[in-house]
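Student: Please put together the full structure from these sequences, using the hints given.
First residue of the sequence shown? That's 119 in the working numbering, and the numbers climb one at a time after it.
Source of the hints: derived by calculation from the structure; they are not laboratory data.
Keep in mind that a hint or two might mislead.
Subject to a maximum C-alpha distance of 30 Å in a straight line, what follows is the list of computed DSSO-like cross-link-like pairs (lysine-lysine) [unchecked claim]: (1) K129 - K224; (2) K178 - K224; (3) K230 - K178; (4) K175 - K234.
If you anchor each label on the Cβ, the simulated ranges turn out as follows [claimed, not checked]: (5) K214 - G152: 19 to 27 Å; (6) N205 - E170: 30 to 38 Å; (7) D147 - K175: 42 to 50 Å.
Beta carbons are placed, not taken as given, at the ideal position from N, Cα and C, and that holds for glycine.
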Amino acid sequence: MHQFKELEIWKRSRQFCSEIYETTSYFPDNEKFGLTNQLGRASISISSNIAEGSSRKSNKDFSRFLEIAIGSCYEIETQLLIASDLNFLTISQSDKLINELSEITKMISKFKSILKI
119 MHQFKELEIW
129 KRSRQFCSEI
139 YETTSYFPDN
149 EKFGLTNQLG
159 RASISISSNI
169 AEGSSRKSNK
179 DFSRFLEIAI
189 GSCYEIETQL
199 LIASDLNFLT
209 ISQSDKLINE
219 LSEITKMISK
229 FKSILKI
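Tutor: Right, here's the structure in full:
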């Protein structure tokens with residue numbers, strides 16, 4: 119088992135979740151149950167799957183949860199691009215979030231690759 123609170127991927131994804139919530143608080147009210155909700159849920163999913171996977175007894179199980187976290191990263195990237203298309207985000211806001219997300223995705227992938235399965 120891994121101590122998820124000590125994992126940099128968990129810390130960064132948790133911080134990223136806060137950034138998503140801060141950013142989406144400025145989305146139009148009619149998006150409360152649309153992109154705002156989807157982005158919030160997907161961003162929570164990253165750190166949550168890292169935490170849940172870390173409790174598993176095998177690295178193979180943990181690896182599966184990391185795959186799910188990566189899937190959530192790709193989901194968020196798509197949603198951020200759509201939010202940008204709809205002018206809910208500026209290009210610089212979108213780029214900043216997508217760059218941070220890309221770093222998190224790479225970190226999770228690298229961590230997953232070093233797990234002994």
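Student: Taking the hints in turn, state whether each one holds.
Tutor: Here is what the structure says about each hint:
At most 30 Å may separate the alpha-carbon atoms for a hinted pair to count; K129 and K224 meet this at roughly 14 Å. For the hint pairing K178 with K224, the CA-to-CA distance comes to about 19 Å; that is within 30 Å, so the pair holds. In summary, the hint linking K230 to K178 is supported, as the alpha carbons are separated by about 10 Å, within the 30 Å threshold. At roughly 12 Å between alpha-carbon atoms, K175 and K234 fall within 30 Å of each other, so this suggested pair holds.
With their beta carbons about 22 Å apart, K214 and G152 fall inside the hinted range of 19 to 27 Å. About 36 Å separates the C-beta atoms of N205 and E170, a value consistent with the hinted range of 30 to 38 Å. The hint said 42 to 50 Å for the Cβ distance between D147 and K175, and at roughly 45 Å that hint holds.
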